[in-house]
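Going down the list, the sequences are from chains A and B. The C-terminal position of the first sequence is numbered 808 in our numbering, with every residue numbered one higher than the one before it. The C-terminal position of the second sequence is numbered 133 in our numbering, with every residue numbered one higher than the one before it.
Note that these hints are calculated values from the structure, not bench results. Mixed in with the good hints, there may be bad ones.
[As the list claims (entries may be wrong)] Covered stretches of chain A, going by a simulated chain B footprint (3 or more residues, C-beta under 8 Å):
{"id": "1", "segment": "764-776"}
{"id": "2", "segment": "798-805"}
[To be verified] Selected chain B positions facing chain A (Cβ under 10 Å, derived; list incomplete):
{"id": "3", "residue": "35"}
{"id": "4", "residue": "75"}
{"id": "5", "residue": "82"}
The beta carbon of each residue, even a glycine, is placed where N, CA and C say it ideally should be.
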Amino acid sequence: AQKVTQAQTEISVVEKEDVTLDCVYETRDTTYYLFWYKQPPSGELVFLIRRNSFDEQNEISGRYSWNFQKSTSSFNFTITASQVVDSAVYFCALSASNTGNQFYFGTGTSLTVIP
Amino acid sequence: DVKVTQSSRYLVKRTGEKVFLECVQDMDHENMFWYRQDPGLGLRLIYFSYDVKMKEKGDIPEGYSVSREKKERFSLILESASTNQTSMYLCASSDQGAKGYIQYFGAGTRLSVL
Chain A
694 AQKVTQAQTE
704 ISVVEKEDVT
714 LDCVYETRDT
724 TYYLFWYKQP
734 PSGELVFLIR
744 RNSFDEQNEI
754 SGRYSWNFQK
764 STSSFNFTIT
774 ASQVVDSAVY
784 FCALSASNTG
794 NQFYFGTGTS
804 LTVIP
Chain B
20 DVKVTQSSRY
30 LVKRTGEKVF
40 LECVQDMDHE
50 NMFWYRQDPG
60 LGLRLIYFSY
70 DVKMKEKGDI
80 PEGYSVSREK
90 KERFSLILES
100 ASTNQTSMYL
110 CASSDQGAKG
120 YIQYFGAGTR
130 LSVL
């Protein structure tokens, strides 16, 4: 079975602080993909990153960085120097090879950045 | 840019009504999906489709049906709306081919059933 856990329901930080959003996944497949999406108040989920199971390199994109560790089944997301525009709900998702294109989403983490 | 358009942002319906939620994508994607989003539960898959006239049940198909007569359009149907179907509904599309392709989402339809 596939499962994604985002234990942090809500996080509040003050602007310019760094914040890490946790994502832990479960799968028995050796080939899978992990994703992060951002859902701002407007409602539309915006794709941020995709990582496949064979690539454990960390990735940095501007103020965003992702840490993928297969040993702990985690795919954590860090925002450096947070801004008010980062306030949103963030979802982690898993897609495994034996379930085709089906995604399994975590329950989301609501991030509020206080000015 | 990929564009997934949901026909309504907000809908208010009465119990027992038949409800149609429409979704159109403009990127010639083979796969389309319907999710519902509820607080504390994340996104749950209702139905998906790999091709025209094909459909597959997701995790929570009860009380819903779908229609895909054209590649770009995927409709979610509530045959007889009930109050427990009050929710945010999200449509998504993705390419066929290599598994793990990115899903692109519409802005969502917030449905209230009174």
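Numbered hints the structure breaks, given as an ascending list = Structure breaks hints 1, 3, 5.
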